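Colleague: Residues per chain are reported as follows:
2 protein chains.
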Amino acid sequence: MKNILIIGAGRSATALINYVLKQSESFGWFVTVADANPELAISKVGSHPQGRATWLDVTKVNDRRELIERADVVVSLLPAHLHIEVAYDCIRLKKHLITASYVSKEMYRLGDEARNRELIFMGEMGLDPGIDHMSAKQKIDEIIAKGGTLKAFRSYTGGLIAPESDDNPWHYKFTWNPRNVVLAGQGTAQYLEKGKYKYIPYNRLFEQYRTINVEGLGDFEVYANRDSLLYREVYGLGDLPSILRGTIRNAGFCDAWNALIKIGLTDGSYPILESKDLTYHSLMEAYLGPREGTGSVRERIADFLGETPFSPVMRKLDWLGLFRNKRIGIERATPALILENLLLEKWKLKPEDKDMIIMRHEFEYEMDGENREVTSTLVLEGNDSVDTAMSKLVGVPMGIFVKLVMQGKIKETGVNIPVMKQVYDPVLEELKEHGVVFKEVERVMPADA
Amino acid sequence: MKNILIIGAGRSATALINYVLKQSESFGWFVTVADANPELAISKVGSHPQGRATWLDVTKVNDRRELIERADVVVSLLPAHLHIEVAYDCIRLKKHLITASYVSKEMYRLGDEARNRELIFMGEMGLDPGIDHMSAKQKIDEIIAKGGTLKAFRSYTGGLIAPESDDNPWHYKFTWNPRNVVLAGQGTAQYLEKGKYKYIPYNRLFEQYRTINVEGLGDFEVYANRDSLLYREVYGLGDLPSILRGTIRNAGFCDAWNALIKIGLTDGSYPILESKDLTYHSLMEAYLGPREGTGSVRERIADFLGETPFSPVMRKLDWLGLFRNKRIGIERATPALILENLLLEKWKLKPEDKDMIIMRHEFEYEMDGENREVTSTLVLEGNDSVDTAMSKLVGVPMGIFVKLVMQGKIKETGVNIPVMKQVYDPVLEELKEHGVVFKEVERVMPADA
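Going down the list, the sequences are from chains A and B.
The first sequence begins at 119 in the numbering used here and counts up one residue at a time.
The second sequence begins at 119 in the numbering used here and counts up one residue at a time.
Any given hint could turn out to be false.
Repeated chains share a single entry, so a pair holds when one copy, or any two copies, can fit it.
[To be verified] Lysine-lysine pairs mimicking BS3-like chemistry, simulated, CA-CA at most 25 Å apart:
id: 1; residue 1: Lys444; residue 2: Lys312
id: 2; residue 1: Lys314; residue 2: Lys550
id: 3; residue 1: Lys557; residue 2: Lys466
id: 4; residue 1: Lys314; residue 2: Lys394
id: 5; residue 1: Lys380; residue 2: Lys269
id: 6; residue 1: Lys394; residue 2: Lys312
id: 7; residue 1: Lys223; residue 2: Lys394
To be clear, the hints were calculated from the coordinates, so they are not data collected in a lab.
Note that the coordinates shown come from a computational prediction; the quantities given were computed from them, not determined experimentally.
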């Protein structure tokens, strides 16, 4: 095997391309990077002698197949809904396929065909999902191997801003998909606590956050993800009584975000007909009902939220400019789109800003009559607004896995996610060289816990 | 013109079919009723000598066109998204088309073609939309014609249960689409009050209801519809400073429905993974967070809602059986689907139950230096659970309009809704014979209003 094809040269591609090009110097591989924007692909490949940039409109079936035909391993960084077309080609042309996206039902249905053709289709091979699976499953398997009985598993991840680049009262900037941040949590979060199902609807999600402490960094807030229950099956923990997955934000974020929800600014379902000509101030005024008394719009919003005029929440709303007479200027936008556009400007990384990933796992288990708890924590900062920890931790695991496949070290064929020892051990081992080091703290819990 | 084709023989078809068959006796028309369920069509046509029932799978293009080809006027009672295919056929085959559904953008785009072929494409020709347009626009045009300047227009409609059939604490039963009732109001309601935009997000919609009094029936609650602003253009009232459309419910409904929203039971976006094996009681327990104290699930829900244990809201929740240990029994259902299935049973009309339509318009206008208000109110009861006021008021306006078209009395071609005098005058006049009589009260408002 000599040829690697990477489809997509966007934000998450840089670290992957750099890793694979570097490895190709030792192994003599040849790397093709294809993108609808050929200049983007050229800029990522540079003048590397073993790299080639090419133009690809992925909807052009013949062009796509021609490129895939010439590869041994294909990495798809396309938007998630486009992977499946590449997957069909890979089945047909007998090529291995790697993505960082959640594995869809359609993709899982290709499992038998992939296995029959001895193909490796690996999904969820990035950060979250990806490193979360590998690091959690490694520890879970370790606890079970030494005779422990797992009682609880909780896992939280946050894409945050590094303390030295944190210069706004929200203590947050966008380091990944802004739209997902604005719409986060809509639906009903589901998890298990001591054998009981727990559901949190969106209207309470950012009220019912929990607090975690990260050594050297202080307290953070965690709100529940929608999908915790799914992970019991995925990790083979069908009867685990407590499982929770969550998202980490800096202290103070959840109360302020909850204020935006209560006002109505995260609704993405229906456009505001006159949004173009409104100002942010008139938008806020329009949300005030008859019961919010008199006073300025800002005072009435504070009153409605149950906040004092200069509370931390109100200061965060002020900083966003929600009470300013500036025109919104977007036609027929949903409240969520209006908010996203405002935040894109306010929460934009400056060129030198560093992002920070925090991943925290909590495992509770019983062994030798004792209740024990292990917390395992990863903190990693990026270098600047381009070379982010986020893009590195999405790209490098895929790169390492590409290498393992090219070297013939992966035997598990079919459609998988990285929860098997054969995969997580070597990938996590090499990730240590890239700063992915989890710090573990283990303690015996009091008997009544 | 001799031939009328009615596509769809469901709930809303009965009154229309009866009306048109009756008229056909005087006018010598021939009426074809087509449905995917031929027995349903047969049952509606009976043995009427001028009626014919036929089977039609509307996705079978040739069958559909063959039927349309033989008609002069086509009435489509299909689900809203299917009208457009019928409309294309009607353009091609030069047939008039009538529906009771909201006119879609695609349908409006056929306006020029319909006009060029001298075709009448009339949409929104039922109750709401339909009678609301006609009765409101008639009054608005009358006020303007006599020299008044309109200052405010508010219009509310409710499909309710008649007082003599009202035997549950919610004072509500389903008389139309249950799914729409469960999901009602999601998004952001928009209206205008004294020149200012007002937006109400879903999380406050059922708190911010207003109260209206209907003579002889007492107080009712009104929550805002999502789309009030659209009606300014539709009625040619571009600079009207106050406009609001709303939905009428019996007193006490909104607070109790708001409790269901707060608990999380109206979320239709994401399935509860383990819904099949839960009981309603365990579902309610799962919604309780850590802050709801101790006590029974019912007590903690009351506490969370800020209700006393036997408040009207808690009694309504009790009556639904939300605290019973009965299995939900639906696999992977969203909370909204779980609620809909529960309500389908609890809010089902008994055979002899009568429904009741209330429509209320409020017009404020200035004339001769005086501020005046007219309220115009329609109350109409059905006969039983089949012959409902709802189905009558959806079907009969379409029937009357079919007659007017067949008689050549309608000159307005193109895609329209019934807001022109030529249409609303004769339709409303004949509707009086069917009990559609609005009661008007006019008063001079105090100078400071």
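Colleague: Hints first: check each against the structure and report whether it holds.
Modeller: Outcome of the hint check:
1. Lys444 <-> Lys312: between (50 Å within a copy, 22 Å between copies)
2. Lys314 <-> Lys550: Cα proximity of Lys314 and Lys550: none, with 37 Å in one copy and 59 Å across.
3. Lys557 <-> Lys466: neither (30 Å within a copy, 59 Å between copies)
4. Lys314 <-> Lys394: between (47 Å within a copy, 15 Å between copies)
5. Lys380 <-> Lys269: Intra 36 Å, inter 31 Å, cutoff 25 Å: neither.
6. Lys394 <-> Lys312: So Lys394 and Lys312 pass the 25 Å test across copies only (20 Å; inside, 50 Å).
7. Lys223 <-> Lys394: This pair counts as between: shortest inter-copy Cα distance 21 Å, intra-copy 40 Å.
The earlier numbered hints that this structure contradicts are 2, 3, 5.
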